[in-house]
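Enquirer: So the sequences go chain by chain: A and B.
Under my numbering, the first residue of the first sequence is numbered 1, with each subsequent residue one higher.
Under my numbering, the first residue of the second sequence is numbered 1001, with each subsequent residue one higher.
Any given hint could be a false lead.
[Claimed, not checked] Derived DEER-like restraints, expressed as beta-carbon distance ranges:
#, chain 1, residue 1, chain 2, residue 2, range
1, B, E1060, A, E98, 35 to 41 Å
2, A, E116, B, E1122, 39 to 45 Å
3, A, G57, B, E1043, 34 to 40 Å
[To be verified] Covered stretches of chain B (chain A as the covering partner; in silico rule of three or more C-beta atoms under 8 Å from a C-beta of chain A):
#, region
4, 1045-1056
5, 1084-1091
6, 1101-1114
Bear in mind the hints are in silico, worked out from the structure with no lab data behind them.
It should be emphasised that the depicted structure is a prediction, and the values quoted were computed from it without experimental measurement.
Note that beta-carbon positions come from the ideal geometry of N, C-alpha and C, so glycine has one too.
Number of protein chains: 2
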Amino acid sequence: MDLTDTPDLAYDVFSRTCPSRGTLEHVTGRWGALTLSALAAPEGSLRFNELRRRVDGVSEKMLSQTLQALERDGLVHRDAQPTNPPRVDYELTPLGREVAERLLALIHFVEGRMDEVLGARERYDVTRGCR
Amino acid sequence: MDLTDTPDLAYDVFSRTCPSRGTLEHVTGRWGALTLSALAAPEGSLRFNELRRRVDGVSEKMLSQTLQALERDGLVHRDAQPTNPPRVDYELTPLGREVAERLLALIHFVEGRMDEVLGARERYDVTRGCR
Chain A
1 MDLTDTPDLA YDVFSRTCPS RGTLEHVTGR WGALTLSALA APEGSLRFNE LRRRVDGVSE
61 KMLSQTLQAL ERDGLVHRDA QPTNPPRVDY ELTPLGREVA ERLLALIHFV EGRMDEVLGA
121 RERYDVTRGC R
Chain B
1001 MDLTDTPDLA YDVFSRTCPS RGTLEHVTGR WGALTLSALA APEGSLRFNE LRRRVDGVSE
1061 KMLSQTLQAL ERDGLVHRDA QPTNPPRVDY ELTPLGREVA ERLLALIHFV EGRMDEVLGA
1121 RERYDVTRGC R
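So that you can see chain A by itself, here it is in the shape it has in the complex:
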């Protein structure tokens, strides 16, 4: 793995002023990652409250802010029907779907290796037990 194989050197998340760092944070942030993953489910589109149930622990305010950032970045499409009460659905854009696929590859890998991670934590905590 070589960092120099970056496909587009115009953007670099290592630079604190590069806008790609902000987008990476929207994608990988505490709630952004789970929101994108939930929207990658086969259902395709989800209503706000369905999303809130799926993303266990998120507040209404945080989910709303997360969806707004992802919509602004062109990763999520918000569809509001002028019914009464209004019906609002969220779904991934084609770009959002591509991002979510890569994110899910990472998430599934981490989930699949948690036994190793928990073993490492145990060893770490034991060797520092005298602190």
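Starting from the known structure of chain A, arrange chain B on it as the hints suggest.
Expert: Relative to chain A, chain B alone:
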């Protein structure tokens, strides 16, 4: 992309009490993602100050906390030589390298599509210009 193809259903980041959610946050957090990516560079191992220069914007305290969480999760190996002054090197473990590869696939994808993201932001901001 189907969420049900999770390789190990014992762990689920969607559950707020699952330890995999914590590990995902160490891996994808603001500084965790950049630290793992920096350590994936061909140099192999980096000293604390080299890492700090590479991860533009991180404070000494945050980098130290980030490295400790990644070491505890078994993703980063810390090697302290008993020299004077002590020399401390950080490198990815084999598991950390596999995580970093998936993370870099996501980062490089986002960097490569930033023109689209910035275009989406412009359109979003224009249509909400009256706010």
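Enquirer: Measuring from beta carbon to beta carbon, are E1060/B and E98/A in 35 to 41 Å?
Expert: holds (36 Å)
Enquirer: The hint says 39 to 45 Å between E116/A and E1122/B; measuring C-beta to C-beta, is that right?
Expert: holds (44 Å)
Enquirer: Do at least three Cβ atoms from the region 1045-1056 of chain B come closer than 8 Å to Cβ atoms of chain A?
Expert: holds (count 3)
Enquirer: Starting from the range 34 to 40 Å, see whether the pair G57/A and E1043/B falls in it by beta-carbon distance.
Expert: holds (38 Å)
Enquirer: Count the residues of the region 1101-1114 of chain B whose Cβ falls closer than 8 Å to any Cβ of chain A, and tell me whether that reaches three.
Expert: With 14 residues in contact (Cβ-Cβ under 8 Å with chain A), the coverage given for the region 1101-1114 of chain B holds.
Enquirer: Per the coverage rule (Cβ-Cβ under 8 Å, at least three residues), is the region 1084-1091 of chain B covered by chain A?
Expert: Coverage by chain A is violated here, the residue count being 0 at a Cβ distance below 8 Å.
The structure fails hint 5 only (numbered hints given earlier).
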